[in-house]
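Be aware that the sequence shown starts at 117, since it is given in this note's numbering, and climbs by one per residue.
A few of these clues could be false.
[What the hints assert, rightly or not] Here are the computed lysine to aspartate or glutamate pairs in the EDC-like style, where the Cα-Cα straight-line distance is at most 20 angstroms:
1) 170 / 160
2) 137 / 161
3) 173 / 217
4) 184 / 211
5) 301 / 251
6) 229 / 260
7) 301 / 260
8) 192 / 208
9) 233 / 246
10) 166 / 148
11) 173 / 212
12) 259 / 247
13) 220 / 161
14) 233 / 315
15) 239 / 251
16) 321 / 217
17) 184 / 212
18) 233 / 312
19) 174 / 230
20) 173 / 230
21) 220 / 251
22) 229 / 211
23) 170 / 189
24) 137 / 230
25) 259 / 217
Read the hints as simulated data drawn from the structure, not as lab findings. The structure presented is a predicted model; accordingly, all values stated were derived computationally and were not measured.
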Amino acid sequence: SNCFLNWMHLFIPNEQIKNPKEGLDKINLINERLLNKQNHKILEEYLSLKLLYKVFKKLFFLIRIVSKININDVQKIFAYKGSDLSFYFIEDFYEDFIGFESFKNLMWLELLKEYFKNLPNQKIGFYLCEELPWEKALIYHWKENNHGPLIAVPHGFNLRYWDIYYFKNIKDLINTKSNLPLPDKYIANNEAFYNELLEYYPKEKIEKLEFLSCL
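Based on the provided sequences and hints, a complete structural model is requested.
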């Protein structure tokens, strides 16, 4: 193929490669072999003191904002039909806004911003979809930099019933013109999966593709 491919990887420690620096060394070897065909990047290679400063600055800003919120107002958010459900959600609320989860999400946002600064315009993009926080940062910066269509690709060859929580009702989000970053298309790799996705996505947002497994 004459199509040049850009790959972005998230580093996960393992027995063979224990830290991002070792991973970057391996990636550089791969890039040397695939010169003019593919280019691989590890997102963590964009980490710097300057970037950390930006993350902590935004985190402290959020802490100041949240510290001014009355606890009673937070509890009202989780009131449902006269019942106070805040007991089940309030810990996650604070964790997501000012805790370690917030820190990680701000890191994804800044790291992906750095990555897309130097990425040439892309005609089309694919990403593995599990509805994780980094995906929203990816979609936001992809569209902010005016790249082509972005396609969400789920893991596996079918939709298991316990995976339903991955998928939001995109039809409602589109109808309400939500600002939530969304992919342009979603891949369905079999008929059952396609029919399941119709509950969440408009028909024109779903593409059918054949699933190929490699051993």
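Here is what the structure says about each hint:
1. Using a Cα cut-off of 20 angstroms, the hinted pair residue 170 and residue 160 holds, with the two alpha carbons roughly 15 angstroms apart.
2. Only pairs whose Cα atoms come within 20 angstroms are accepted, and residue 137 paired with residue 161 is accepted, the gap being roughly 8 angstroms.
3. Among the hinted pairs, residue 173 with residue 217 is consistent with the structure: their alpha-carbon atoms are about 16 angstroms apart, no more than 20 angstroms.
4. Taken as a hint, the residue 184 and residue 211 pair is honoured in the structure, with Cα atoms around 16 angstroms apart against an allowance of 20 angstroms.
5. Under the criterion of a C-alpha separation no larger than 20 angstroms, the hint pairing residue 301 with residue 251 is consistent with the structure, at around 14 angstroms.
6. Of the supplied pair hints, the one linking residue 229 and residue 260 holds, its CA atoms being roughly 10 angstroms apart against a limit of 20 angstroms.
7. The suggested pairing of residue 301 with residue 260 holds, with an alpha-carbon distance near 17 angstroms, which does not exceed 20 angstroms.
8. About 15 angstroms separates the Cα atoms of residue 192 and residue 208, which keeps this hinted pair within 20 angstroms; it holds.
9. A threshold of 20 angstroms between alpha carbons decides the hint, and for residue 233 with residue 246 the separation of about 25 angstroms lies outside it, so the pair is violated.
10. At most 20 angstroms may separate the alpha-carbon atoms for a hinted pair to count; residue 166 and residue 148 exceed this at roughly 29 angstroms.
11. At roughly 16 angstroms between alpha-carbon atoms, residue 173 and residue 212 fall within 20 angstroms of each other, so this suggested pair holds.
12. Taking the CA atoms of residue 259 and residue 247, the gap is about 17 angstroms. The hint holds against a cut of 20 angstroms.
13. Pair hint residue 220 plus residue 161 holds up; C-alpha atoms about 16 angstroms apart against a cutoff of 20 angstroms.
14. This hinted pair does not check out: residue 233 and residue 315 have alpha carbons roughly 36 angstroms apart, beyond 20 angstroms.
15. Restraint check for residue 239 and residue 251: satisfied, since their Cα atoms lie roughly 19 angstroms apart, inside the 20 angstroms limit.
16. In summary, the hint linking residue 321 to residue 217 is not supported, as the alpha carbons are separated by about 30 angstroms, beyond the 20 angstroms threshold.
17. At roughly 16 angstroms between alpha-carbon atoms, residue 184 and residue 212 fall within 20 angstroms of each other, so this suggested pair holds.
18. A threshold of 20 angstroms between alpha carbons decides the hint, and for residue 233 with residue 312 the separation of about 37 angstroms lies outside it, so the pair is violated.
19. About 16 angstroms separates the Cα atoms of residue 174 and residue 230, which keeps this hinted pair within 20 angstroms; it holds.
20. A C-alpha spacing of about 17 angstroms is found between residue 173 and residue 230, which places the hinted pair at or below 20 angstroms, so the restraint holds.
21. The suggested pairing of residue 220 with residue 251 holds, with an alpha-carbon distance near 13 angstroms, which does not exceed 20 angstroms.
22. For the hint linking residue 229 to residue 211, the alpha-carbon distance of about 23 angstroms lies beyond 20 angstroms, and the restraint is violated.
23. Taking the CA atoms of residue 170 and residue 189, the gap is near 29 angstroms; set against the 20 angstroms cutoff, the hint is violated.
24. For the hint linking residue 137 to residue 230, the alpha-carbon distance of about 18 angstroms falls within 20 angstroms, and the restraint holds.
25. A C-alpha spacing of about 24 angstroms is found between residue 259 and residue 217, which places the hinted pair above 20 angstroms, so the restraint is violated.
Violation of the numbered hints given earlier is confined to hints 9, 10, 14, 16, 18, 22, 23, 25; the remaining hints are satisfied by the structure.
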